[in-house]
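These protein sequence lines are chains A and B, in that order.
Sequential numbering from 1 applies to the first sequence in this note's numbering.
Sequential numbering from 1 applies to the second sequence in this note's numbering.
Calculated from the structure, these hints are not laboratory results.
A virtual CB, placed ideally from N, CA and C, is assigned to each residue, including glycine.
Be careful, since some hints might not be right.
Claimed, not checked - Result set (DSS-like, lysine-lysine): computed pairs, CA atoms no more than 27 Å apart in a straight line:
1) B:Lys-112 <-> A:Lys-137
2) A:Lys-137 <-> B:Lys-96
3) B:Lys-112 <-> B:Lys-96
4) A:Lys-137 <-> A:Lys-54
What the hints assert, rightly or not - Computed beta-carbon distance windows for the label pairs:
5) A:Val-57 <-> B:Gly-61: 28 to 38 Å
6) A:Phe-87 <-> B:Tyr-14: 57 to 67 Å
7) A:Ile-63 <-> B:Gly-61: 37 to 47 Å
Here's the letter readout for the chains.
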Amino acid sequence: MGVVASAGPIVQWSWVSSERSMIVSLLLQHIELTVIAVAIGLAIAVPLGIFAWKMPVARPPLIGVTGLIYVIPSVALLSLFAPLTGFFSITTAEVALVGYTLLILLRNTIAGLESVPADAQDAAQGMGYTPLQELMKVQLPLALPAILAGVRVATVTTIGLVTVTAFIGQGGLGQLIIQGFSEDFNTPIFVGLVLSVLLAGVADALIVGIQRISLPWVRRRRLAS
Amino acid sequence: MTVMISFEAVSKHYENDAKNAVENFSLDVDEGELSVLVGPSGGGKTTILRMVNRMVEPSSGRVLVGGQDVAKVDRVELRRRTGYVIQQAGLFPHLKVADNVASVPRLLGWDKARVHARVNDMLDLVGLNPAEFAGRYPNELSGGQAQRVGVARALAGDPPVLLMDEPFGALDPIARARLQQEFLALQERLHKTVMFVTHDVDEAVVMGNRIAVISQGGRLQQYDTPAQVLGRPATSFVADFIGADRGLRRLAVTPIEVGDLYAPPVVSPKTTVAQALVAVEASGDHWAAVASEDGRLLGWVEPGQVASAPSDNGSSTVERYMRPVGAGVSLDSSLKAAFAEMLQQDAAWVPVFDHDRYLGVLTPDTLHAALRRSVGGEPVPV
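If we strip away everything but chain A, and leave its shape as in the complex, we get (with noise of 0.2 Å):
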């Protein structure tokens, strides 16, 4: 395996097992540092989203932006920020990957919201829900299965990404494969790569479950006789 730093056993259970306290609170910290970037992405997107989308001449900008910064790499972008907020701070770690985020869920809200049927939008125009009414009881509940596409992409992609913030003393799983490379010691880099890809795959599961309960009229189509 390229991969691994040296040769030997790739893993070397009594090491797990001594560790074992350690890697969990790594575990937890990049389940953490996920968590808060998706929400406070969600909380910056969905915002910014539906005034992008009432705004079309605020889409190019805002669409431009994010990209932007989604483009640009994640260690240059990790280096960008952390003489403003701190190196080895968890400000500098969240304010990288919240950047990443924000592109896909913009851009998701957007098409959420303009997907929301004209006709259904009409009648509730039409049947006296005042527009923060029809917001909140119409469109974002429309818009919803695509928000929560977003979510789900967004979430799988920053559980790679927290990894990179391992450079600046964050980083969760991260931080045993730097740890790994560092001491030329395969068994905490095999362990952070196995789970960290298990925790995408986790997410992803979970996410794709809260969507099939909370979205319930997205699955049930059976025309009636």
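Based on the hints, put chain B in the right spot on chain A.
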């Protein structure tokens, strides 16, 4: 009759369009009336309709509902007491049927029990069993069912005025005809003031108490009963729009009246053929209806043919030679129904009944006279 909706010289001008979308439009809709706006697509019908609930604001002129200028009523409040049905039903796909129907009652702040009871009543009203349909999502409904839910939802807040924009336009012809009839039956009970937009002349004729024919630019060409519009188109536009077969359409909207009927001589079954022949000859006709003492139609007889038959010398009763009559039509049906019955039986006349009572017969001649009568006596080239 009180006027419920009134358009007073309403015009609508859009900035990016040189022509007016609606031009100096005036119209009254009476309380409890079903008024149809009909005309070619893009002619401004929908724009006119949407001024009633302020989905569109007129550039000039006023729209009054119940005597009140809608421009002075809060938009949201106005819409909550104006039913609104649109072409694709516009149901909320993320809400179950019951929650769709509950929309306006909830906006109006009704309590849970009242909303629940109302939803069930409304679903029953439009012929959907609440137990079966309340829990479905819109994408689990057929087009006809979805549109029924759309009507139920529009009626749930018990609005005095109902706006319907091509409500049955997306349905197949069979479902459309069924929903039209069901809605008319519903309207018989509810007496809402309805404005109904369609581009389909047949639908307009079937649905409307009065129909307003509207040409491009929202110009009102004629506003009258279906029989009048079909029988006496006011302008060449109306004549063109309702089409060359408007004569056939008129049959559908003209009811049979007692005065239209022809009364052949009536003989009792115990009359002799010879006597019947005298009666028939006196009337100048060649046949007679055979009716019992209490006025029930039993059949018909042609005494002339019977009398000339070698086996009879005219002394037997007509009962023996009486021929059966086919199903007749009732007085409240249309000329079209009577004509269809005539064609169906391949007969030159069809008996007309008021319940069981025989009133007379309709013949091609009297049918034609009835069509003339419906537009005021003078013959109109069809």
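Tested hints:
1. B:Lys-112 <-> A:Lys-137: Holds. Lys-112 (chain B) to Lys-137 (chain A) sits at ~18 Å (cutoff 27 Å).
2. A:Lys-137 <-> B:Lys-96: 13 Å, holds
3. B:Lys-112 <-> B:Lys-96: Status holds; Cα separation ~16 Å.
4. A:Lys-137 <-> A:Lys-54: 17 Å, holds
5. A:Val-57 <-> B:Gly-61: 28 to 38 Å: 34 Å, holds
6. A:Phe-87 <-> B:Tyr-14: 57 to 67 Å: 59 Å, holds
7. A:Ile-63 <-> B:Gly-61: 37 to 47 Å: Holds, at about 43 Å.
Against the hints set out earlier in the document, no violation occurs for any number.
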